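2 protein chains.
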Amino acid sequence: MPESLANAISPNQHHEHHFQSSDTVRDIVIGLADGLTVPSALAAGLAGAVSSPRLVVVAGLAEIAAGSIAMGLGGFLAARGDAEHYASELRREQREVVEQPGDEADEIYEIFEKYGVPHAAATPVLRSLQANPKAYVDFMMRFELGLEEQEKGRAWRSAATIAASYIAGGAIPLAPYLLLGSMTAALQTSVVITLIALAIFGGLKGRLLGSHILRSAVQTVLIGGLAASVAFVLARLLNSHGA
Amino acid sequence: MPESLANAISPNQHHEHHFQSSDTVRDIVIGLADGLTVPSALAAGLAGAVSSPRLVVVAGLAEIAAGSIAMGLGGFLAARGDAEHYASELRREQREVVEQPGDEADEIYEIFEKYGVPHAAATPVLRSLQANPKAYVDFMMRFELGLEEQEKGRAWRSAATIAASYIAGGAIPLAPYLLLGSMTAALQTSVVITLIALAIFGGLKGRLLGSHILRSAVQTVLIGGLAASVAFVLARLLNSHGA
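Chains Y and U, in that order, give the protein sequences.
Each residue of the first sequence is one higher than the one before, counting from 1 in full-length UniProt numbering.
Each residue of the second sequence is one higher than the one before, counting from 1 in full-length UniProt numbering.
Read the hints as simulated data drawn from the structure, not as lab findings.
Small disclaimer: the values here were computed from a predicted structure and weren't measured.
Hints are not guaranteed to be accurate.
What the hints assert, rightly or not - So the derived label-pair ranges between C-beta atoms look like this:
no., chain 1, residue 1, chain 2, residue 2, range
1, U, Glu-149, Y, Glu-148, 14 to 20 Å
2, Y, Ala-160, U, Val-218, 41 to 47 Å
3, Y, Arg-127, U, Glu-149, 27 to 33 Å
4, Y, Thr-24, U, Ala-185, 27 to 33 Å
5, Y, Glu-149, U, Leu-214, 35 to 41 Å
6, Y, Ser-240, U, Glu-148, 47 to 53 Å
7, U, Leu-178, Y, Leu-214, 21 to 27 Å
8, Y, Arg-127, U, Ile-196, 31 to 37 Å
9, Y, Asn-132, U, Val-218, 51 to 57 Å
10, Y, Ser-51, U, Ile-213, 44 to 50 Å
We put the beta carbon where it would ideally sit given N, CA and C, even for glycine.
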């Protein structure tokens, strides 16, 4: 976030300090949010239904493998889909600026009309853009379509970041089942360290996104706790019903 | 998508037919993508490690409960976070338009400079915006910050749509384990219907997002198949290693 950094360093300049969450931070948040919640809830659910911590570890690792692959590759496809969408719209705009100059001019007027800017005031901007086709196309991409170009290599980086964050988040609640022999001790330890991890993650997320730190921590803990509780009760009910 | 619909009906008008994925479609895709992948991979993984289809159902339902709650509430918080971010930036811009008119004017010039539009050409637009403070603020929200206002009730709708899609996606691979007594038959049936569901989902997603239908179907099947295979092999290895 070089712009935010620059603003933080020289806060008296006329630039505003608007927070821009970077794509990498967003990917870490996506991966950690689910990684800290779903494997731990599954482990808690199974702890209510089976007697061996070993089975919880097997199911938990299978879930982490499946979840990190599904989310990571899902992030890869989403980023690549955005890049393809941008490229195809860019080609379309490049064609239209040349082949349908009248329609493109009408679109410029329409954009400004939404903000009460009359044709006469918009015309000098239009003339300037028409003299510079590359800037004209960029302007339409951003202001007509709301699309921004992606950095190179974004899709792979996004996939790796989401998958690694999911694995890191999932390893925390699973560790006690791997290390402790007693199911009760493993479940209790796992619940406690997972709630602590959720609170820290929620607080950091709140700070990064500029919302209330405490509220974000409490919300994150509540979601994780609710998911784990429902999974625990459901698995126990299903198991006692069938046994 | 009323605008797209209008364009499709009267394609000879000057409006362009740019695809805009609606938020609801996006939420359905998010929920189905993970719902069709993670529970089925977990079920396949456990089928390689345990002998009772019943345990696969218990773990699968616990996963669906945990996953739908975590993803649904995650979507809720994301949408509400966006709405709060918009509201706080809106208040800031409303203040700045009144208190720092010179800085705001410089920002308008900067926006246009990026597209090679000189100050003289941008000034009539600036004057028009300054005469209409509400439009001025809206213009800055959209063109300086790239933020758009959310529809009302979006956060709840987003949560419900994602959770319901996740449950619907997760129910498909789990049904055979619930209905068939033999683990082998259940695993085979589940793999086949899940791959078919992934292909249909991938194809529809490709069509909606305007990418290649066949390629999207193949990619979606590969991701789901890869996640399930890794989970299956991992669970089997873990289990045989410990047994």
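Here is how each hint holds up against the structure:
The given range of 14 to 20 Å is respected by Glu-149 (chain U) and Glu-148 (chain Y), whose C-beta atoms sit roughly 19 Å from each other. Judged by the Cβ atoms, the range 41 to 47 Å given for Ala-160 (chain Y) and Val-218 (chain U) is violated: they are separated by roughly 22 Å. Arg-127 (chain Y) and Glu-149 (chain U) have their C-beta atoms about 31 Å apart, which keeps the hinted 27 to 33 Å range intact. Between Thr-24 (chain Y) and Ala-185 (chain U) the CB atoms are about 45 Å apart, so this pair departs from the stated range of 27 to 33 Å.
Checking the proposed 35 to 41 Å range against Glu-149 (chain Y) and Leu-214 (chain U) shows it is violated: the Cβ atoms sit about 27 Å from each other. The supplied range of 47 to 53 Å is met by Ser-240 (chain Y) and Glu-148 (chain U), whose beta-carbon atoms lie about 50 Å from each other. Hint check: Leu-178 (chain U) to Leu-214 (chain Y), Cβ distance near 42 Å, so the stated range 21 to 27 Å is violated. Judged by the Cβ atoms, the range 31 to 37 Å given for Arg-127 (chain Y) and Ile-196 (chain U) is violated: they are separated by roughly 56 Å.
In this structure the supplied range 51 to 57 Å is violated for Asn-132 (chain Y) paired with Val-218 (chain U), their Cβ-Cβ distance being about 41 Å. Taking 44 to 50 Å as the suggested C-beta distance range, the pair Ser-51 (chain Y) and Ile-213 (chain U) conforms, at roughly 48 Å.
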